[in-house]
Every structure is written in C-alpha cells, then in structure tokens.
Amino acid sequence: MVINQTEQKESMLKRSWWLILLIIAFLIAPLVMSKFYLTILCEALVMSLFALSFNLLFGYMGQLSFGQAAFYGLGGYVVAMLTTKLQFNFWLSLAAGAGGAGLVGLIVGYFCVRLRGIYFAVLTLAFGQLIFVIIFKWHDFTGGDDGIQGVFPPEYLRSIEAYYYLIFFVCAISAFILWRIVNSPFGQTLKAMRENPERTEFLGIHIARYQLIAFVIAAAFAGLAGAVWVPFYRSVAPSYLTWIKSGEPVMAAILGGPNIFFGPILGMFIMTFVHSYILGFTHFWPVIMGTIILIIIFLLPGGILEFAKVKITERREKANIAKGQT
Amino acid sequence: MLLQTQSITKEFGKLRAVNQVSLDIHKGDIHAIIGPNGAGKSTYFNLITGYHPATFGKVLFKDKEITHLPAYTRCTLGITRSFQITSIYPKFTVYESVLMALLSHRKVTLKFFSSANKFFKEKVWNILEDVELANQANTLGDSISHGDKKRLELAITLGTEPELLLLDEPTCGMSPEETESTMALIQKLSTERGITILFTEHDMSVVFGIAKRISVLHQGTLIADGSPQAVRASEEVQKVYLGGTA
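Going down the list, the protein sequences come from chains A and B.
For the first sequence, position 282 (counting from the first letter as 1) is numbered 282 according to my numbering, and the numbering increases by one without interruption.
For the second sequence, position 182 (counting from the first letter as 1) is numbered 1182 according to my numbering, and the numbering increases by one without interruption.
A hint or two may mislead.
Looking from chain A toward chain B, a few residues come up when the C-beta cut is under 10 Å (computed) [said to hold, decoys possible]: (1) R180; (2) N183; (3) P185; (4) Q188; (5) A192; (6) N196; (7) E198; (8) T200; (9) E201; (10) I205; (11) H206; (12) I207; (13) I213; (14) W243; (15) N259.
Hints were generated in silico from the structure; no laboratory data involved.
Yeah, the Cβ is synthetic: ideal placement off N, Cα and C, and Gly gets one too.
Please construct the entire structure, taking both the sequences and the accompanying hints into account.
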C-alpha cells in the first residue's frame, strides 16, 4: 500500500511536469515579453478564469449557461463602484466583486436550476440580458452606456508587470480551487447529475440544491474574473455583460474541450491571442473565429485537448503492447 | 412491518393504473409483484419510490408516512430502486459508479476539497466482489455487457446500503444462465445483508423459485397475495394470468 502511494506520487510528478514548466513560464513571462503581449496574456488569463467558471456548469454539470457574462460584468461593476465612489479598499473590493456576483448568482440560480437543457440555457440568457439592461439603463447609478472610468488599482499595482503577477496568482489559485472542487465528492456528484440525473436523484441527491451550489460557485468565480480585470483596464462598460460576452466561454470550452479541466483555458488562450494577431490586418475576426469553431466541431468534436488525450492514450497502449511482446 | 401501502391509487387522466392497492411488505422478505404487462407493477413501484405522486392513498415506511416525500428523501430513509430500463452512468467506470452511491449515502457529497477517490475504497471493492464485477472495475459503464450493466445497477443500489430494495424486472433481457446467477445473487443479498427485497418479474419460474411472498396485480388491482403455493392455487390468478401465459 505504502509503495503504491509513493508510486502514485511519482507518476503524478511525471504526469504534471508540463504544469510545472508552464508555471515557471508564466512567472518569467514579464521578463521576456513585450508590454503589448503581456497585456494580452493578462486578458487571456482573466478570460480563462471566466471560462473555467462557466465550464463548471457546462463541462461538469452538463448545463449550458448563456448568461455567465452577467456575473463577470457584475464583479467588474462592484469593484469599479466601490473604488471610485466610496474609495473602498482595493482587496476588499475584489472580494466584494466575487461575493456580489455570487449573491446575484444565488437569486438567478434559484430560478434557473429548476430547469434543464435548452430551458436552462434560455433562462440564464434571459436573466443575463435583464441584468445587462438594468445596468445599461440605470444611468444615475451605474453610468449607463458610458460605464465607469478611472478605476485604478493601488499605486504598487499600477505597472503592467505588477498587475500581471496579481492576475496570475488570482487565476492560478482560483484554478487550483476549481480543480480541487471538480475532483471532490461534490464534483463527482455534479458529473453524476450530468451523466444520469434520474439515477442520481434515486441515490438520494437533491439535484436542484447541488445545481444551485454549483451555480453560485460559478457566478462567484466569474465575478472574481471581472473584478480583477476592471482595475487593469481602468474602466468598465455594459458591454461586459452582453450575451456576446457570454458566448466567449462557450466557444472556448468547445474549442479546447469541455470534458478536460484545462480545455477552456487552452480555448481562451487560442481565442485571445489569435484575436489580437488577426486584428492587426483585418476586422473580420468573427468570420475567422467561426471558421475555426466549425473545423473543430467537425474534425475534433471533443475539442483539441480531448483529441490530444485520445491520441496519447492510443500511443501509450500501443507502446504497452509492444513492451509486452518483447 | 417495513413498508405498507394503504389504498394507494394512481390515475393518469381517466386511466387508473394502480387501483387501491393495500399491501404489507415484511422485513427480511423476498417479495415478488407479478402480473401481465400493463398490470401496474412499475407504476406501483413508482408510487413507493416517489417517482410519481399518488392520486390518493398512503405509503408508510417503518410506520411513518412518506407519501408526499420527494424521491431523494425516500432514498436517504433506506428505500432504493433499480429501473426496468437499466439506469447506470455510461461514462463512469464501474468503480466510480458504485463510489457515487456511497458518497451520496454516507453524506460526503458536500465535501469540496478532498479527492473523491480516497473515500470508501474497501467498501466499494466489497460490493464489486459481491456482484462479481471487481475484474471490470476500471471499465466504463457503457462498455460492459447487458447482463453486467444490470448487475452494475444492482451494485449501485447496494452502495446506498438500503433496507428496502426495489428491483424492477431485474432479469429483463438476460440469458437463462445470467438470470439464474442474478437470482442467486439476490438471494445472497437478502440472507447476508438482511435487505428486504421487493421485485417485479414476469418470468414465472424465476418468481416461484425465490420469492417468499407473491402479490398479483391485474389491471391495477391486487387480486392475490400470499405464499407461492397459495398464489399458485388461487383460481382468480389462474384465470387471469397463469392459465393464459405460463
């Protein structure tokens, strides 16, 4: 048993070498990257956290939320309003952004988790648009279509490099927490609900309750992503809450692979970097993105990482068979 | 008495699928509900487990009324079921499927940060060995044979450590050999784990070989209830059921 555990730990180290390399790469990125690409890396990281929060519902719970941007935007608005209007502490504002989004998630989720499938998707879309319209129209309170400008982080975080590290740590820690959650008994329950809700209910699980908890967690992390982004961008606008923004994590998850934890992150990185690269010579970004999505859906239906995983498993099996023969 | 239904009735529009069925299920029994197709067996199961709300009548479990409790609560009280159309987790391994039942039953599903795989290892293997699926523990649910899927569903229900286990046609679609081994398994579960078993079946030889008590439903109504000998001797049963098909 003891040997088994050490073996397990060793094999885990072998399997996660790439993650360690990746973390090192992220840590030295500001030293080697231009400010332009560092800014895009910041955006990719924040959007990855947004996509991970969405994928807790989509990939793990099996429900498509089409209103996730509402929570992302709310997180941003909470930070913007607290820091500009009340001169609130920056760190507490970040926490309030996540908490505020989670709280609204509790109210919206209360209604949405009663439904499944397309009805869930449409209701989340409806709530998302409702929250968008409230913020868009309530000019006196939210700034309406002007949004809120002049959202500054504290002095020591004003440089791109310093803020990059903040974003990296917030995203890395959040990703770690979400990773623990999807592998926990609670995560297993979400997957069971996705696989067979009826069977799961007849094992004693109150489906709506678990869906609501997941919904609130997803809303809070989406809120945190928005909260950490807005002071970097120095402003927030109602466009953060639109259904178009809600579509981004959907596409990222499909691109990278919703059934693999890191899938949406890969998807978001591809989307963000390809987007900034293509904008250099054409405005027809949606056409190109649409084409990429089409190719993925038809050729790699489980997403890029799922495809890679299948190929790697096949190769390993072949290698094992070859080993067995010699 | 473990479970009691009092005049339990279910109407779907004008159709009365289950008509005032009053029945006692005794602790430790293997109790069969038989009847031709459309007799109301599955609907009766659905009323006991909370899949359908009853139109009227009562369900009592250990002398407490559970008629209006939701399905998941009834499960936590100790009533678990299998479905006529096998209901498993196609993309879970056999091991994970049984683990899920234990996680739920032992109330650890609200743990957010510990790894699910470290829980209840011994217990999961114990169940898998009992149902002879241990050698397929790492196979996905949808990659095993039909008979094994039925056994997997049984293993999942055992994970909830039920007092009363309802099996809806547990041998449906099985070969004679599989049927025999499944029935032997059910017998074993009843004697070794002391689980009370209520099952529906249409194969007469299966029922009379194992059941301690048999109840016969016909067009939603209970027409006979008693020992296998008494049921076999009942004229009404012979008229509506055994005479025609057995």
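To test your reading of the hints: which numbers does this structure violate? When the structure is compared with the hints, only number 14 turns out to be violated.
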